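Participant: Residue strings, one per chain:
Number of protein chains: 2
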Amino acid sequence: MGVKLGILGLGTVGTGTVQLLLDNLGRHPLLQEIEIYRVGVRSLSKPRTVELPEGVITTDLESIVTDPAIDIVVEVLGGLEPARSLILKAIRSGKHVVTANKAVIARYGDEIFTLAEQAGVCVMLEAAVGGGIPVIQPLKQSLSVNRIHTVIGIVNGTTNYILTKMQTEGSSFEDVLADAQKLGYAEADPTTDVDGLDAADKIAILASIASGCRVDLSDVYCEGIRQVSKTDITYAEKLGFVIKLLAIAKKITPSLSSPLSVRVHPTLVPKEHPLASIYGVNNAILVEGEPIGQVMFFGPGAGAGATASAVSSDILNIVAALKTEKAINEEILKQELENKPTSKIALHNQLLTARHQEDCQIAPITELVTQFYARFLTKDQPGVIGKLGTCFGTHGVSLELVVQTGFQGQLAEIVVVTHDVREGDFRKALTEISTLEAIDSIPSLLRVL
Amino acid sequence: MGVKLGILGLGTVGTGTVQLLLDNLGRHPLLQEIEIYRVGVRSLSKPRTVELPEGVITTDLESIVTDPAIDIVVEVLGGLEPARSLILKAIRSGKHVVTANKAVIARYGDEIFTLAEQAGVCVMLEAAVGGGIPVIQPLKQSLSVNRIHTVIGIVNGTTNYILTKMQTEGSSFEDVLADAQKLGYAEADPTTDVDGLDAADKIAILASIASGCRVDLSDVYCEGIRQVSKTDITYAEKLGFVIKLLAIAKKITPSLSSPLSVRVHPTLVPKEHPLASIYGVNNAILVEGEPIGQVMFFGPGAGAGATASAVSSDILNIVAALKTEKAINEEILKQELENKPTSKIALHNQLLTARHQEDCQIAPITELVTQFYARFLTKDQPGVIGKLGTCFGTHGVSLELVVQTGFQGQLAEIVVVTHDVREGDFRKALTEISTLEAIDSIPSLLRVL
Ligand SMILES: NC(=O)c1ccc[n+]([C@@H]2O[C@H](COP(=O)([O-])OP(=O)(O)OC[C@H]3O[C@@H](n4cnc5c(N)ncnc54)[C@H](OP(=O)(O)O)[C@@H]3O)[C@@H](O)[C@H]2O)c1
Ligand SMILES: NC(=O)c1ccc[n+]([C@@H]2O[C@H](COP(=O)([O-])OP(=O)(O)OC[C@H]3O[C@@H](n4cnc5c(N)ncnc54)[C@H](OP(=O)(O)O)[C@@H]3O)[C@@H](O)[C@H]2O)c1
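Residue numbers (the UniProt record's numbering), protein chains in the order written: chain A, 1 to 449; chain B, 1 to 449.
Worth flagging that the hints you see were computed from the coordinates, not collected in a lab.
All figures in this text were calculated on a predicted structure; none of them were measured in a lab.
Note that the Cβ used here is the ideal one computed from N, Cα and C, for glycine as well.
Any given hint could turn out to be false.
Partial selection, computed: residues in chain A whose CB lies under 10 Å from chain B [what the hints assert, rightly or not]:
1. G132
2. S144
3. D179
4. I292
5. I328
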C-alpha cells in the first residue's frame with residue numbers, strides 16, 4: 001500500500017530508524033509497506049552511514065511537514081525549536097506524528113495533544129522515555145485497566161552510570177563524571193543529566209500517561225545528584241541501601257482523586273527492592289497499581305538500536321491503523337454508493353492515543369510524606385545529638401536512627417534517618433537545626449524509598 | 001454502547017476479573033461500556049464473593065458460547081476439556097475470545113488460531129504467560145519490529161519459590177516443597193510445576209508469538225527441578241551462579257532462518273545476569289533482539305489481581321476495536337446507501353492478532369550448543385580426573401573447570417564445567433564416562449546460561 005514517512009533528523013536516532021526500516025526482513029511484515037519518502041537534515045554535505053535515493057534528503061523541513069503525500073512525520077531532531085513548530089504544523093496538515101523528543105512533549109504536550117485531538121491524528125512517543133523499553137504503549141493499553149498509583153523510574157542512564165561507578169569503585173562524583181564524559185556516557189555540558197532535568201521531562205510524560213492527567217514539566221520537583229558524595233554512598237550501603245536517582249509519580253493518598261506527587265531526586269533504595277539492582281546505563285520503570293501489584297520494565301535507556309526499536313514500533317502502530325482505515329474506505333467505495341464519502345473515516349484506535357480527561361492536582365513537595373536521610377557535620381560538643389533530637393521532636397519528626405559515624409577533621413559526622421514525616425515539617429526542623437551553634441553544616445539530605 | 005461478555009469460569013481468575021470490571025471507576029473509561037452478560041460455572045450452589053444480577057450465572061456453558069447477544073467469550077475454566085471445545089465453538093459463532101488457558105493454547109493453538117483467522121475474530125491470551133506482566137502484547141506490537149532471537153523466562157512461580165528457598169535457607173527440595181504446599185504456593189500434586197510442564201506450555205506460547213512460527217508443546221524439551229540438590233546450589237553459588245528453572249526459546253544461529261531451540265531446564269545463571277535476582281514467586285521474561293538489545297519484564301506471575309489485569313487488558317483491546325467497528329458501521333449507514341452493507345466490516349487491528357506466517361524448524365536438543373555443569377561421584381582412585389578429561393577430550397568437549405569438591409562417604413565428588421559444546425557430543429562423552437570403572441554415578445547435569 002505504501003505508507004509514506006517524512007523523517008525530521010538523521011542523527012543517532014534518525015539513522016538507527018532508517019537502518020531498521022531499510023533492512024526489514026525478519027521483522028513485522030507491515031514494515032514492508034513503509035516508504036522513506038523524505039528526510040530532513042541541517043547539512044546536505046555531512047557524510048551519512050545510510051544510503052537513501054537521490055532527492056530524499058532535504059534541508060527544507062517545512063516542505064516535509066506540509067507535503068500532502070506524507071502520512072507520518074517522525075520528529076527526531078531534538079531541541080525545542082524548530083521541533084515544536086514542525087510537530088504542530090505536521091498535525092495541522094493532518095499527519096500522524098512520532099517523536100522521541102521528551103523535552104518538547106514535557107513542555108508543550110498539552111498544546112500538542114489538544115491540537116492532535118482536534119485534527120484526529122495520533123502523536124506517539126515511545127522513544128521519549130526509557131529508550132527501547134516498551135513502557136508508554138503498555139501504560140496506555142495493558143496496564144490502563146488498573147488504578148495506577150505509582151510509577152517509579154530510573155530513566156536517566158548517565159546518572160545511573162555515575163552512581164553505579166561511585167558505588168562499585170568508591171570514586172567521587174567529579175572523577176566518575178570526567179570518566180563518563182571521556183567514554184561518551186555523559187555530555188560535555190552534563191547539566192541536563194546530572195541536575196535531573198532529563199529525568200524530570202520523562203517523569204512528567206510518564207505521570208501524564210499513567211494518570212490520564214496533563215502533567216507538565218513545571219509540576220515536577222527536581223533535585224540532581226551533584227550533592228551525593230561517596231560518604232553518603234558508603235553510609236547508605238551500611239544501612240542496607242543503594243542511592244539511585246529516581247523519577248517518581250505517586251498518588252499521595254489511596255483515594256481516586258488524590259493529588260499526585262511528581263518528583264526527581266536521589267533516593268536511598270533498599271537493597272532488596274527491584275530497582276536497587278539496576279546498574280550502569282540501563283533504565284527501569286516500575287509501575288504499581290490495583291489490582292496488578294508491581295510490574296517492572298527493564299532495558300537499554302538510550303542508543304541508536306534501542307531508540308530505533310521504539311520509534312519504529314510507534315510507526316508500526318500507526319501503519320496498522322492506516323491499513324485498517326484504507327481497507328474500510330475501499331470497502332465503502334465498493335458498495336457503489338450514490339454519495340461517496342468525501343472524507344476519510346478517522347478510526348484511530350482509542351488505545352493508541354493517550355487519554356487526558358482526568359482533572360488532577362499536583363501535591364506540593366512540602367506535603368510529601370517520606371523518610372529522610374540527613375548527614376550533619378557538628379562541632380563535637382556533648383549533647384549535640386540531644387539537641388538534634390529535641391529540635392526534630394518539636395516539629396513532629398520522629399527518628400528511626402541516629403548514628404555518630406565518625407569525624408571529618410575537627411567535626412563530628414552524624415547521620416539521621418527519620419520515620420515517615422511530612423516534608424514541610426522536616427524542613428522546618430532543619431531550618432531551626434541549621435541555626436544551632438553546634439551545627440557546622442548539613443552536607444546531604446536524601447529521601448528514602 | 002454495551003459490549004457483552006460471556007465469562008466461562010468464576011474461580012480465582014474469573015472472580016478477579018468480574019471484581020475489576022464491576023468496580024471500574026479510575027480505570028480506562030472504555031471498561032464502562034462492558035456488560036457482564038453471562039457467567040458459566042459448574043455449581044450454582046457454591047457461595048460466590050461477587051454479586052451478579054439474578055440469571056447471569058448459569059451452568060449451561062454451551063448456551064453462552066453460541067448466544068448471539070454475546071460479543072466476547074472469556075475462557076477462565078482451566079483444563080483441556082471442555083475448555084478447548086468451548087473456545088472453538090465460540091469462534092465458530094463469531095465471538096472474540098480471551099483466554100488464560102496456557103495448557104489449551106500450547107496444545108491446540110494451531111487449530112484455534114487457524115479457525116480464528118478464518119472466522120475473522122481475535123483470540124487473546126495475555127494472562128496465559130507471566131500473570132499480570134504485559135508481555136504477549138508487547139511481543140506482538142512494540143517488540144515485533146525487532147529480529148527477536150532469544151526469549152528467556154522465569155515463568156513458573158512455584159519452582160522459582162522452591163529454588164529461592166533452597167538457596168537462601170539451604171533446605172532440601174523435599175522440605176521446601178512440603179512447606180510450599182502448606183503455604184498454598186504449590187499444589188498437592190506438584191507435577192505440573194516441578195517437572196517443568198507448566199513452564200513448557202508457556203515457552204511454547206512465547207516462542208510462537210516471538211518467532212511468528214507455530215511452536216507446539218511437543219516441540220519443547222523439558223526437564224524439571226527434582227534433580228536439583230542443595231549440594232548443586234552450594235557449588236553453583238561458589239562458582240558465581242544461582243540455579244533457576246529457565247524456559248528458553250532461542251535461534252541457534254544468527255541467520256534469519258535459523259532453527260529454534262525451545263526448552264525448559266534448571267540452569268546456572270551468572271549472578272550478575274538480570275534473571276539471577278528474580279526471587280520467590282515472581283516471574284520475569286527477558287527478550288533479546290536486533291537492534292533493541294535486551295529488555296526484561298518483571299512482575300507477579302499469578303494471583304487473582306495480576307491475572308484479572310491481564311484478562312481485562314485483553315478485553316479492553318477488543319472493546320476498543322469493536323468500538324471503532326461500530327463507529328464505522330454507523331457512519332456507513334448514515335451515508336444513505338442503496339445497498340446497505342449486509343455484513344460487518346472486520347477491522348481487527350493486525351497488531352492484535354499474532355502473526356503465524358513463518359516456517360520454522362525446531363532444533364533437536366542434541367544440536368544445542370551450551371556450557372554444562374556436571375557433578376560426578378567417583379571412587380577416589382588416582383587418575384580419575386585424568387580419565388574424565390581424556391574421555392571428554394575424545395568427544396571434543398573442552399573443560400573450563402574441574403574441581404574435586406569433597407567427599408560423600410567413600411566417594412569423591414568432582415564438579416566439571418565445560419566450555420560451549422554441542423549437547424550431542426557432551427552426551428556421548430557422558431555415556432562413555434558412565435561406563436568407567438572409577439565412576440560411581442552422575443547425580444547432576446545442568447546447563448549454564
Ligand atoms: N540518542 C539517544 O540515545 C536518544 C534516546 C532517546 C531519545 N532521544 C531523542 O531523540 C531526538 C534525537 O536525538 P539524536 O541523538 O538522534 O540527535 P542528533 O544525533 O543530534 O541528531 C539530530 C539530527 O537532527 C538534525 N537537525 C537538528 N536540528 C536541525 C534543524 N534546525 N534543521 C534541520 N535539521 C536539524 C541534524 O541534522 P545534521 O545531521 O545535518 O546535523 C541531525 O541529523 C532527541 O529529541 C533526543 O532527546 C535520543
Ligand atoms: N490462578 C492463577 O493465578 C492463574 C494465573 C494464570 C493463569 N491461570 C489460568 O486461568 C484459568 C483458570 O484458573 P483459576 O485458578 O481461576 O481456576 P479455578 O479457581 O479452579 O476456577 C475454575 C472455574 O471454572 C469453573 N469450571 C471448571 N470446569 C468447569 C466445567 N466443566 N463446567 C463448568 N464450569 C467449570 C469452576 O466452576 P465452580 O466455581 O462452579 O467450581 C470455577 O468457577 C486456568 O486456565 C489457569 O491455568 C490461572
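Participant: With reference to the structure, classify each hint as holding or not holding.
Facilitator: Structure-based check of each hint:
{"no.": "1", "hint": "G132", "verdict": "4 Å, holds"}
{"no.": "2", "hint": "S144", "verdict": "4 Å, holds"}
{"no.": "3", "hint": "D179", "verdict": "21 Å, violated"}
{"no.": "4", "hint": "I292", "verdict": "4 Å, holds"}
{"no.": "5", "hint": "I328", "verdict": "6 Å, holds"}
The structure fails hint 3 only (numbered hints given earlier).
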